[in-house]
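*Asks:* Residue-level listing of the chains:
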Amino acid sequence: MRLVWLIASKDIKEAFGRHAVVYRTLIPGVLLPVVYGVMTGLMVRDATANPRMAAHMASQIPLFAAIVALIGSFLAIMIAADAVAGEKERRTIESLFATPASDLEIFAGKVLAAVVPALAVGYGGGILFLVVARLCAGGHPLPLPAVLAAAKLIAMGVPLITTMLAALGVIVSARCGSVQNATQLSGLATMPVVGGVVYLAFRVSAWSHWELMVLLVALVALCVVFLLIGAKTLGREEIIARLE
Amino acid sequence: MASVIEAKALTRVYRGSRKRPTIRAVDRVDLQVGEGEVVALLGPNGAGKTTMVRMLSCLLRPTEGTAAVCGQDIRERPGAVRGLCGVSMESPGLYERLTAERYLAFFARMYGVPEGQTADRVKSQLTAAGLWERRGDLLGGFSKGMRQKMNIARALLHRPRVVFLDEPTSGLDVEAASAVRQHIQELSQDAETTFLICTHNLPEAERLCHRIAVMNHGRIVASGAPEELKRRLFGGRGYRIRLRRSLPRYGDLVRALAGVEQVELDDSGLLVRISAPEQEVNPVIARRLVEAGAEIISLAAEGHTLEDVYMRLVRDDAAAGSRR
Numbered sequence: 007m008r009l010v011w012l013i014a015s016k017d018i019k020e021a022f023g024r025h026a027v028v029y030r031t032l033i034p035g036v037l038l039p040v041v042y043g044v045m046t047g048l049m050v051r052d053a054t055a056n057p058r059m060a061a062h063m064a065s066q067i068p069l070f071a072a073i074v075a076l077i078g079s080f081l082a083i084m085i086a087a088d089a090v091a092g093e094k095e096r097r098t099i100e101s102l103f104a105t106p107a108s109d110l111e112i113f114a115g116k117v118l119a120a121v122v123p124a125l126a127v128g129y130g131g132g133i134l135f136l137v138v139a140r141l142c143a144g145g146h147p148l149p150l151p152a153v154l155a156a157a158k159l160i161a162m163g164v165p166l167i168t169t170m171l172a173a174l175g176v177i178v179s180a181r182c183g184s185v186q187n188a189t190q191l192s193g194l195a196t197m198p199v200v201g202g203v204v205y206l207a208f209r210v211s212a213w214s215h216w217e218l219m220v221l222l223v224a225l226v227a228l229c230v231v232f233l234l235i236g237a238k239t240l241g242r243e244e245i246i247a248r249l250e
Numbered sequence: 005m006a007s008v009i010e011a012k013a014l015t016r017v018y019r020g021s022r023k024r025p026t027i028r029a030v031d032r033v034d035l036q037v038g039e040g041e042v043v044a045l046l047g048p049n050g051a052g053k054t055t056m057v058r059m060l061s062c063l064l065r066p067t068e069g070t071a072a073v074c075g076q077d078i079r080e081r082p083g084a085v086r087g088l089c090g091v092s093m094e095s096p097g098l099y100e101r102l103t104a105e106r107y108l109a110f111f112a113r114m115y116g117v118p119e120g121q122t123a124d125r126v127k128s129q130l131t132a133a134g135l136w137e138r139r140g141d142l143l144g145g146f147s148k149g150m151r152q153k154m155n156i157a158r159a160l161l162h163r164p165r166v167v168f169l170d171e172p173t174s175g176l177d178v179e180a181a182s183a184v185r186q187h188i189q190e191l192s193q194d195a196e197t198t199f200l201i202c203t204h205n206l207p208e209a210e211r212l213c214h215r216i217a218v219m220n221h222g223r224i225v226a227s228g229a230p231e232e233l234k235r236r237l238f239g240g241r242g243y244r245i246r247l248r249r250s251l252p253r254y255g256d257l258v259r260a261l262a263g264v265e266q267v268e269l270d271d272s273g274l275l276v277r278i279s280a281p282e283q284e285v286n287p288v289i290a291r292r293l294v295e296a297g298a299e300i301i302s303l304a305a306e307g308h309t310l311e312d313v314y315m316r317l318v319r320d321d322a323a324a325g326s327r328r
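In the order they appear, the protein sequences are chains X and B.
For the first sequence, counting from 1, position 192 maps to 198 in my numbering; every step adds exactly one.
For the second sequence, counting from 1, position 143 maps to 147 in my numbering; every step adds exactly one.
These aren't lab readings, by the way, just hints derived from the structure by calculation.
Any given hint might turn out to be false.
What the hints assert, rightly or not - Below, simulated BS3-like cross-link-like pairs (lysine-lysine); rule was C-alpha separation at most 25 Å, straight line: (1) Lys-19/X to Lys-148/B; (2) Lys-127/B to Lys-148/B; (3) Lys-127/B to Lys-19/X.
Go ahead and model the full structure; you've got the sequences and the hints to work with.
*Replies:* Pasting the structure below:
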């Protein structure tokens, strides 16, 4: 676990040294929660006098929360796509592979490096969204069922979806020759996930505990499968063999 | 001397594709390197030197054959082998957004250097590389020579028992290359660290290495100490002794000495070929000649260089290959 964390912290430092990563994630990571928070807060004010608005708002809060949480996942994809392909491009991969770290430790380190900042952005964005919404609501309380549904979605969904996407991103990155290819391919893989998250955002408040439990178990299982496949197929040997 | 590296029929085949042919990069290579030895792998581009080093350092798995590094099988215990080796490949990249100090500290931890010793090890390596003053600078701003020094520092950081260096002085200025060579020489003197160095720099190989192995077309075509190879290919080492007066008795006198293989007499003096180490034979030759009344004007090595050996071996192998 020590080596996993070492690799992850090194990758995080490297990633946040790149201006592109900072600008493309932190700006929407702050901007979107604030904009959606303001919109939600204003809707809460109107909802007290308008029952139709209240119903609409109940469905919008989890959706906004999901979108805010997804920004973290995009960051995960960006970091994961660079994880191996970037090291190949910069010719640093050989020194890393020459260390005693196992394939599993290297893979897990790369995934963790993508997950940790994504979680920070996802959770931070979620909290910021709720705080701004509460402030803009002008003393009116936020609808509790909608807030709870959003909280559930962020608390449970974000780590699992982020881990899954990060694992997928690292798997793709290990097989691509360039960061550009890896980013494009990983980006394609996120499309169904985005669709799934938006669908969940509309449905989650209506689901029973059992249905939620099944979804959670399915997501955990998918994460484990991705992590195992990734560690087994990191292809340290193939990556070195393909280096010029 | 115990073998630290022992390769048996080590083979690596890169499977071809539609764009690339199948390449047998290393072909049934046997290699033994003793503890504390410094061995150079010489050979033209594409001879299989880098693939050989990558297999021995567990970066690549052999297609056939096996090898043990410090008694650990490279197929069965790759993690243990990696921990025992330091590797610096030719022009590898650095983590450009880390400082020199953080970069080395990262690798020290990756190699399991005890936490209490990390700072000291990093400092000693940066000092040895002449980069201590730049420890807080980002590696992205380092010159090619400084990068190469950082790579060697990284390879030596955890005090590995075996160090693989691929072109360690390539891209370095004369002063930096000399410092790197001196560093390797110092480390090799403690007889605990074994070096396998891939290089195209023949004078460097001759100066640093106890033994050289010449590779061509994936095979080791010859190996031995540079002097031994010269002797094997061109006869004993030759010295030209210029004398004020060249007399036949001087030739007879030298011919009778132990370690002298052949003596030729001409107008300017003697051409002596020796089979024993020069430091043992040459002083005796000079003393006996002076005692016999000869006036020595100069005594200089007149022999073949490692380049001659290398060129002969590669040419002979190419000729043998075309016959095959």
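*Asks:* For every hint, state whether the structure bears it out.
*Replies:* Going down the list of hints, with the structure as the test:
1. Lys-19/X to Lys-148/B: holds (23 Å)
2. Lys-127/B to Lys-148/B: holds (21 Å)
3. Lys-127/B to Lys-19/X: holds (22 Å)
In this structure, none of the earlier numbered hints is contradicted; all agree with it.
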